[in-house]
Structure formats: C-alpha cells, structure tokens
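Number of protein chains: 2
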Amino acid sequence: MLNERSLHSDECGFVGLSGSLQALAGALDGAFLDIALSFDAEVQEFLPLLPVDDLRKIDYFTSFPHVVTFPVSVENESADLHEFARANGAGCDGPLRLNRVGAVSAVLAPAACYAVYIALKGASLETPRRITVKGTCFRSEKSFEPLVRQPSFRMREIVHIGGRPDVEVFLEEASRRVTLLASALGLTAKLEKATDPFFDPERSPKYRHAKLFPTKTELVVEGVAIASFNDHRNFFGEAFGINSPAGPANTACFAFGIERWVHAIVATHGMNPAEWPLSRFAGLDQTSCAR
Amino acid sequence: MLNERSLHSDECGFVGLSGSLQALAGALDGAFLDIALSFDAEVQEFLPLLPVDDLRKIDYFTSFPHVVTFPVSVENESADLHEFARANGAGCDGPLRLNRVGAVSAVLAPAACYAVYIALKGASLETPRRITVKGTCFRSEKSFEPLVRQPSFRMREIVHIGGRPDVEVFLEEASRRVTLLASALGLTAKLEKATDPFFDPERSPKYRHAKLFPTKTELVVEGVAIASFNDHRNFFGEAFGINSPAGPANTACFAFGIERWVHAIVATHGMNPAEWPLSRFAGLDQTSCAR
Numbered sequence: 034m035l036n037e038r039s040l041h042s043d044e045c046g047f048v049g050l051s052g053s054l055q056a057l058a059g060a061l062d063g064a065f066l067d068i069a070l071s072f073d074a075e076v077q078e079f080l081p082l083l084p085v086d087d088l089r090k091i092d093y094f095t096s097f098p099h100v101v102t103f104p105v106s107v108e109n110e111s112a113d114l115h116e117f118a119r120a121n122g123a124g125c126d127g128p129l130r131l132n133r134v135g136a137v138s139a140v141l142a143p144a145a146c147y148a149v150y151i152a153l154k155g156a157s158l159e160t161p162r163r164i165t166v167k168g169t170c171f172r173s174e175k176s177f178e179p180l181v182r183q184p185s186f187r188m189r190e191i192v193h194i195g196g197r198p199d200v201e202v203f204l205e206e207a208s209r210r211v212t213l214l215a216s217a218l219g220l221t222a223k224l225e226k227a228t229d230p231f232f233d234p235e236r237s238p239k240y241r242h243a244k245l246f247p248t249k250t251e252l253v254v255e256g257v258a259i260a261s262f263n264d265h266r267n268f269f270g271e272a273f274g275i276n277s278p279a280g281p282a283n284t285a286c287f288a289f290g291i292e293r294w295v296h297a298i299v300a301t302h303g304m305n306p307a308e309w310p311l312s313r314f315a316g317l318d319q320t321s322c323a324r
Numbered sequence: 034m035l036n037e038r039s040l041h042s043d044e045c046g047f048v049g050l051s052g053s054l055q056a057l058a059g060a061l062d063g064a065f066l067d068i069a070l071s072f073d074a075e076v077q078e079f080l081p082l083l084p085v086d087d088l089r090k091i092d093y094f095t096s097f098p099h100v101v102t103f104p105v106s107v108e109n110e111s112a113d114l115h116e117f118a119r120a121n122g123a124g125c126d127g128p129l130r131l132n133r134v135g136a137v138s139a140v141l142a143p144a145a146c147y148a149v150y151i152a153l154k155g156a157s158l159e160t161p162r163r164i165t166v167k168g169t170c171f172r173s174e175k176s177f178e179p180l181v182r183q184p185s186f187r188m189r190e191i192v193h194i195g196g197r198p199d200v201e202v203f204l205e206e207a208s209r210r211v212t213l214l215a216s217a218l219g220l221t222a223k224l225e226k227a228t229d230p231f232f233d234p235e236r237s238p239k240y241r242h243a244k245l246f247p248t249k250t251e252l253v254v255e256g257v258a259i260a261s262f263n264d265h266r267n268f269f270g271e272a273f274g275i276n277s278p279a280g281p282a283n284t285a286c287f288a289f290g291i292e293r294w295v296h297a298i299v300a301t302h303g304m305n306p307a308e309w310p311l312s313r314f315a316g317l318d319q320t321s322c323a324r
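Protein chains in written order, with our numbering: chain A, 34 to 324; chain B, 34 to 324.
One thing to keep in mind: the hints can contain errors.
Heads up, the list lumps identical chains together, so a pair's fine if it works in one copy or across two of them.
[Said to hold, decoys possible] No farther apart than 30 Å at their CA atoms in a straight line, the calculated lysine-lysine pairs in the BS3-like style are these: (1) Lys154 x Lys175; (2) Lys223 x Lys175; (3) Lys249 x Lys175; (4) Lys223 x Lys249; (5) Lys249 x Lys90; (6) Lys90 x Lys175; (7) Lys154 x Lys223; (8) Lys223 x Lys90; (9) Lys226 x Lys249; (10) Lys154 x Lys90; (11) Lys167 x Lys226.
Rather than coming from a laboratory, the hints here were simulated on the basis of the structure.
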C-alpha cells in the first residue's frame, strides 16, 4: 500500500517520511493546530525528557512499568567505556551489549501533555488555561507496524486546565470538532470508551483508591485509535499542586496521533495525493507544503 | 536573564519553551527552512530512533561511546516488572532503580542527518540530492545548561549528497549564507575549525586509517557553536553503499542548533521581543507566529 519512496522504516523502530507522506503529515498537523488555535490554546513546546521525580508523583512506574522507556548512557568511566566500545564495534551484530549504565533521572515522554502539567507545578490559576503541544513520544511496544504502532511517534495535544464545568464543555466541543474533521476527511470513524491497560490494577494505589479515576474515549478507524479524549478530573491538579479557584484544578486533553492519521488517510484514499479529500492536499507540491 | 514564564527547565534535562521564546524558536527555524528551500532541499522527517546495525557500520560505538544514549525498557516479564514497580513507587526518590533491561536494537539519534544516509542505503544517484530534516537529538552530557547544553535538543540540517566538486560548492555557499543570517540577526559570530572529541582516537580504526577524515567548521557565538558545516567526504557513501556516477558519494551537511540560536538572540538582544532584530519578530504575537 505504501510507496517506499515516501516511507522509510526498519523493524527496530526507524521511521521517516518524505515526499507526499511528509507533506500529508504537515497538512494534517496544520488542521490539528487550526483546531487548537480556534480553542484559543497557547502554543508551547517541550523536549521529550520528563523528570523521574515528577512521574513518581503520578505513580507512573507502578501503573505503567511496561510502557516506560528510559534514556541510558554507559557510565562515564574509562574502563566501562572501553569495555562497551570493545563489545560493540563494527564486527559485532545483534542488539547492543550493555555494561553498567549511568543513573537515570529522566524518562522519555510517553505522551506530549505530561510536560504541560509539570511546567505548571504549584500554579494557581484564576481562569482556565488552554495549551497545545506537539511532541515526540516513546512507548515500549511488543510489535512494530510503521505509522500504526511505533516505539517513537508524534502527538499533537490540546490541554484544558480549569474547573469541573468548563472541562466538561471543553471535552464535548473537542469530541464534536475532531469527529467533524475525520468526517470531512472521508474517514469512517467511531467513538469508543477505552481504558489504558494498567500493569497491575489491584496493586496500583491510585487505581484502588480513586473513585473518580481518569476516563478516556478514543476515535477509532478500522481498529486503530487516531485520537483520544481524556478526562483526568483532579488527578494532575492534586499530584502537581495546580489550583483553580474551586480547589485542585481539573484537567482534560485531546490528542491526535500524527502518523496514525497519515495511515488512516492513505488506508482510506490510497497513495495518490490528488485523491486526498482536502483542497490543501490537491495538487500537492512539496515546496509549498513544506511548512 | 531568561523570563521564567517563557522557559521551563529542570536539571535532569526537562526543557520547554512558551510565549515569546517559543515564537522565537519557530521564527528562527522558519529562517533556517527558508535557507534550506533556497538550496532546493527536499523536506524529510524522521522519528529519533536509529538502528544499532547501521551505527555499527560507521563505527559509532567505538568512536563515540561517551555520547550515545539508548532507549531501554524493563524486560517484559512479569517478575521483572513487579520488581521494578516495587522499587520505583511514589514513596521512592533519587534516580530510577533498574533491574534487567530488554534488548537494545535502536539508539536515540545523536544528530538529525544520520537518518538521511540510512534511508538512502544502497542508492545510486545520477545527480546530487539535497535534503533538509529537523530532528530531536540526544547526547549524553556531563553538565546541563538550558538552551545551551541539553541531553535532548533540536537540530535543523541541510544535507548534500553528490560528488566532490559539488560538495565543495555547497559548503562554501552554506557558510556564506549562515554567516550572513547571523550577521543580519546582530550576532557577533566567527567561524572556527572544530574536531569532534573522539573517545579514544588511537584505537578508532576509522580515525587511524582515514587520511581524508571528515572535517567540521563551527559558527561560534561567545564560545557556543550555533551552527556547524561538515564535510564527510566519502565516509557515509562508503559505509552505506550510496553511489554517485564517480563512485561512493561524497556527503556534507550544515546544521543549526535551534535552542542555541534562541539563546544567542536573547543573550545578545535581551528578552524583549521588540528588540529582536527581524521585522517578523517585531510586535510578536503568539497566534500569528504559532506556525
């Protein structure tokens, strides 16, 4: 289905887009950003490392140890480096042979929006805030399928931080707008309730004690979630001390999986850009779409 | 110097930009992309994972073991996951406690351009090609300074793949254009010869045997390299079997460190966007600069 000149991939997780697929990804994120700006979201951007200490505050390592990916380096002492270099030279093959690794105090971001709550730690908000971020994310996956299930992928999110009533209005409008966009792009999509797969629900303190646990709805095209709508209630507000006038802030977000939208368009309409259903895609030309 | 409402950072490597600094980063990359397009470069984009097997072909683990960062996960067997979750729950502090980690067959990209050569493996090019990529990169660093020395940072590169004469023309024009841009932005910058710090030059086979080893020139502002110009000669062409009509391709690239340009502008002109020296920055307004 996919033109190999536009998709570059390797089962270890290497993924690249060029030509019309790169332009499609850019045009789709342009549409997502249009929605974000119509929500009056402020644009922020974060590098994809999150402090271990902050993820502990939300019990991340207890709830999702099977998802998390850490950046590690060889311990910076000469003997270890020599051993590592000897064991992994040009003549070797197979996975890397690691010896002692350095201390790990940051984690590769599993989603784009965590950085937003971390940056707001301790804030008191008089009025609700909306923020959009596009981030590179990392998750440990058991299988690899380019554009669909990648160990590294890109996500555009729009976050709302405020009180209970405005969070509900935000999520209702988000779901309406994203469903409309999918429909305008000719995608056959449906909303489905989802639960994130907890590693060990019975042992997760947050899972056991929270009566108002975060909920997630997904927009699904042929079995693949291309967007999600997440009501965190006061989970991040309490963990990070973010307050609204009514107490710990409520937060919510909606997220677009950028490569998954590319996949949905191509799976639905084929590889010919002239068949893609937005006027901005017609007569696609790389230079004009490069931004 | 930096307004804390626009820069979010933590010594473990967490870095985010909002407000005027985010808009500045976007406008700067817009200027870099303008240069790329004036070089007729094709736009490509890659997720930041590179296959271990491909980095072995360029002796990366022998030459730069001190720089490389790997994404690792806990081995996906229940006993290991339970042990990891127990050792890193909400009550713990300090760096993560890791037990057995899974096999590592990809590395976090240390530069944006490697992916371009990997995607061109085995290609025979009739005419030179130019490609631009903006990538998130990762390097193990001994210290942390936001915008200047980060374990994760963004880089825009413009790559040329061709023969010896056209590579030389490309690098000459690149250095002229980037120096002009720095000057137009009011930066006091100078070109300096650089050598990448090899881990153990005497033991590196490529270092010992190559008479025509890759060379690097940097554009430096107050001791910080904000751009580099790299002549790889036939290093990547030979390693990845990329051929030009005259034999293994010659390659070259020039690279912009996006956060370092943000730092140079702010260090030179201060935090007030009205003082930033391009008309596109004057009267900066987030919505209009969001793209």
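Original post:
Against which earlier hints does the structure fall short, listed by number upward?
Top reply: Of the numbered hints given earlier, those the structure breaks are 7 and 8, listed in rising order.
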